[in-house]
Amino acid sequence: DGGITQSPKYLFRKEGQNVTLSCEQNLNHDAMYWYRQDPGQGLRLIYYSQIVNDFQKGDIAEGYSVSREKKESFPLTVTSAQKNPTAFYLCASSIGQETDTQYFGPGTRLTVL
Amino acid sequence: AQKVTQAQTEISVVEKEDVTLDCVYETRDTTYYLFWYKQPPSGELVFLIRRNSFDEQNEISGRYSWNFQKSTSSFNFTITASQVVDSAVYFCALSEATLGTSGTYKYIFGTGTRLKVLA
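Protein sequences appear in the order of chains D and W.
FYI, the numbering for the first sequence is 1 to 113, going by my numbering.
FYI, the numbering for the second sequence is 1001 to 1119, going by my numbering.
Quick caveat, the hints were computed from the structure, so don't treat them as lab data.
Remember, predicted model here, so these are calculated numbers, not experimental data.
Here a beta-carbon is modelled for each residue, glycine too, at the ideal position from N, C-alpha and C.
All the given hints hold, so there is nothing to weed out.
With the Cβ distance kept under 8 Å, some of the chain D side facing chain W (calculated, not the full set):
#, residue
1, Q41
2, L43
3, F88
4, T101
5, G105
6, G107
To list a few chain D residues with every Cβ distance to chain W over 10 Å, as calculated:
#, residue
7, G16
8, T20
9, N26
10, I60
11, E62
12, A81
13, K83
14, T86
Bound-form chain D, shown alone (with noise of 0.2 Å):
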């Protein structure tokens, strides 16, 4: 089955550590994407690539870095110097161009403690 998939589902961090959220896709999509959801708000963008070895700045980066070795992978790191990292996070593809519908994955729920 083609797909995106993310892992883990849920995952618990200490504050002042990073942690690196798992991103894969099979579709074979040139276009990756990682967004933040907040309880009651709408998705934000936080990184995206457009091709291997490239990438983006959304509009909420900072504290955030991410890699794109892999057309497959794209795995963000959540690091101690992001203020909220409590999130949702959301993971998508898409064919190419940005207008191009995007697909998502199951989804990351982290939780700093």
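Got chain D sorted already, so can you dock chain W onto it with the hints?
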């Protein structure tokens, strides 16, 4: 500025009722795309529809229908004969086909409407 407004925060209906979710958008571009997504309790966003700005035809897919009106900048979503499985948060989104001020495309989501369908 690009913006998507979903004024209805939460709607509750009884099963089999029809319900309409409103979406109003703002854009300066003539070419843009509108989307609806469903987010069930599991959390994953499920794609429902994509519509470009040049296609104002209404669309029907089973119990779902969409009414796109450029004159009022609205892209409303109607569920006919609602079912408990329709309970979810529904997001409307807008993407412009031109570069934004930061040199990137913009894909903006509304804040979502939580639909509760009661048995």
